[in-house]
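In the order they appear, the protein sequences are chains A and B.
Residues 164 to 597 in the numbering used here are what the first sequence lists, from first letter to last.
Residues 252 to 394 in the numbering used here are what the second sequence lists, from first letter to last.
Heads up, a few of these hints could be off.
One-sided excerpt, in silico: chain A residues whose CB lies under 7 Å from chain B [stated by the list, open to error]:
#: 1; residue: Arg490
#: 2; residue: Val536
#: 3; residue: Glu542
#: 4; residue: Phe545
#: 5; residue: Asp547
#: 6; residue: Ile549
#: 7; residue: Lys579
#: 8; residue: Ile581
For the record, the hints were derived by calculation from the structure and aren't laboratory data.
Every residue, glycine too, gets a C-beta built ideally from N, C-alpha and C.
Each chain, written out:
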Amino acid sequence: MIWNEEYETMPRADLRALQLERLQETVERVYARVPYYRQKMEEAGVTPADIKGLDDLRRLPFTTKEDLRQNYPFGLFTVPLDRVVRVHASSGTTGKPTVVGYTKRDIRTWAELMSRTLAAAGVRRGDVVQNAYGYGLFTGGLGAHYGAENLGATVVPISGGQTKRQIQIMRDFGSTVLLSTPSYALNIADVMADLGVDPQKDLKLRVGVFGAEPWSENMREEIERRLGIKAIDIYGLSEVIGPGVAAECLEAQNGLHIFEDHFIPEIVDPTTLEPVADGEAGELVFTTITKEAFPVIRYRTKDICRLITEPCVCGRSFVRMPKITGRTDDMLIIRGVNVFPSQVEHVLMGIKGVEPHYQIVVDRQGTMDTMEVQVEVSEAVFSDEIKHLERLAQQIQRDIKDLLGVSCTVRLVEPKSIQRSEGKAKRVIDKRQL
Amino acid sequence: MQLEQIAIFLENKAGRLAEITQILAEHGINIRAMSLADTADFGILRLIVNDTDRACQVLRDAGFTVGRTEVVVVAVPDRPGGLASVLNTLTEAELNVEYMYAFSQKSGDTGLLIFRIEDLDRARSVLQAAGHRLLSGEEVSAL
Ligand SMILES: [Zn+2]
């Protein structure tokens with residue numbers, strides 16, 4: 164179901180006009196009210212008056228997590244604190260947390276976006292929504308909660324953990340929708356199996372809306388099979404708003420629609436910071452164009468992704484993003500091409516029987532970078548005939564070339580021959596002396 | 252009737268072949284025939300042994316990738332022309348041989364020809380009709 168027909172199916176030309184108007188207003192506002200943004204724009208030689216079209220977005224400076232830390236806690240808010248009705252914070256693994264704020268209108272916007280997200284997953288009034296995202300400083304719990312309430316569903320604000328109790332409530336209350344991280348959904352499935360609970364017979368669960376961590380198509384299949392539900396992927400990050408930045412539709416389950424009337428996505432090359440060609444992978448960057456308390460201009464997510472611009476069967480006109488395929492932190496540069504180990508993993512997972520046990524060895528011969536991908540031969544792909552294994556190696560090579568745009572050699576290796584440290588495989592060995 | 256060959260994936264690293272024969276010897280498994288096919292990067296070791304199940308088990312336990320394939324084993328008199336007459340039979344029947352290897356027995360009067368053929372059932376009946384002697388799994392184990 165489409166929650167907001169007017170905006171979600173808006174013709175692209177109208178949407179672009181709306182985006183420009185909202186972008187101009189946002190840029191003027193941050194320039195006038197946040198000294199830090201003003202200074203960065205002055206250094207970049209750009210003023211709000213320079214933003215005449217959407218293409219001028221790229222003249223604006225980027226914002227990074229480091230910028231947020233430097234302005235800890237409230238330095239980038241564009242409204243006085245007495246207009247901020249809520250703050251959330253994401254725990255920083257290194258240093259200070261990132262703090263974000265919301266006005267009353269921001270909370271309404273967020274609820275609207277989460278209602279759209281849930282409606283896209285087929286959630287409707289009358290559904291019993293078990294919200295197992297964590298409540299608290301983390302945006303997941305409250306973000307999903309307000310959206311589900313706004314939609315008119317019956318919300319069970321159980322938060323994460325206490326898995327046995329989750330299952331009991333799921334059964335007693337007849338929960339039809341589960342909101343959680345995908346790994347927690349599998350955890351619930353494990354405990355159900357231990358307790359002898361059969362989701363098909365004992366529960367009314369119909370759909371799960373999963374986000375807040377990266378997950379694979381294999382994981383989706385496993386969740387769908389074990390819980391007997393449809394598993395829908397969502398995307399969000401607190402710096403942009405929280406959950407509700409992009410959502411998959413039940414009709415296609417193929418890419419997440421980005422709510423472009425509120426956020427402008429860009430894909431840039433993480434090294435040159437220039438826009439990539441249409442459809443190519445790079446770093447996902449967001450500019451918020453309706454947020455009041457904490458707008459961000461060209462926020463670098465460090466997530467690697469591409470944009471799908473082809474129309475979707477569901478009728479939404481928003482572009483789609485497939486699953487995140489990696490983080491810029493893991494990036495390798497080979498012969499000038501950005502390569503992410505997760506892309507190699509993605510190729511391997513796409514070949515039947517191949518397990519993602521691999522290692523990338525980068526070296527330099529003369530002035531030329533070389534990349535060798537070592538893949539462990541599992542029994543599922545092993546053959547007693549040389550030609551079959553050679554064909555497999557060629558296929559992997561070709562698929563990597565197609566996806567990454569860089570040629571490599573593929574070497575088939577024996578199982579467990581790839582170095583593992585503390586049970587975790589080391590994915591990249593870079594022998595180059597740079 | 253069914254006779255299986257074990258195939259083992261090998262990186263071209265020194266000593267791996269010796270390691271495999273060592274493991275099998277330690278478990279009292281006898282190798283009846285063997286062939287190694289290799290490329291610059293990897294190899295496939297094919298073995299006919301007296302106890303296929305156990306051989307697979309101990310090799311898997313040792314961390315090798317192991318596969319099993321059904322093959323045809325023909326016993327031929329160990330003298331000139333033995334191989335040629337079997338190959339002629341297969342060629343006339345237009346049966347495609349993926350690969351083959353040969354092995355002489357200790358007793359010296361018969362040789363073993365091991366064939367990997369897609370259409371196994373037809374190969375068996377064609378060979379038998381032409382009067383060739385096919386060995387069963389039990390016969391090979393008992394050798
Ligand atoms: Zn769609």
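Against chain B, is Val536(A) within 7 Å by beta-carbon distance?
With a minimum Cβ separation of about 12 Å from chain B (threshold 7 Å), the hint on Val536(A) is violated.
Interface hint check: Lys579(A), Cβ to nearest Cβ on chain B, cutoff 7 Å. Holds or violated?
holds (5 Å)
Verify the interface restraint on Ile549(A): the C-beta must sit less than 7 Å from at least one C-beta of chain B.
holds (5 Å)
How about Arg490(A): closest beta carbon in chain B under 7 Å, or not?
violated (31 Å)
Given hint Asp547(A) near chain B, where the shortest CB pair must fall under 7 Å:
The hint holds - Asp547(A) has a Cβ within 7 Å of chain B, the shortest such distance being about 4 Å.
Hint validation: Glu542(A) versus chain B, beta carbon distance must be below 7 Å. Holds or violated?
With Cβ-Cβ at 6 Å, under 7 Å, it holds.
Closer than 7 Å between Cβ atoms is the bar; does Phe545(A) clear it against chain B? Give me holds or violated.
For Phe545(A), the interface hint holds, since the closest Cβ of chain B sits about 5 Å away, which is under 7 Å.
Report holds or violated for the interface hint on Ile581(A), using the least CB-CB distance to chain B and a cut-off of 7 Å.
Status violated, d = 11 Å.
In this structure, the earlier hints numbered 1, 2 and 8 are contradicted, and the remaining ones agree with it.
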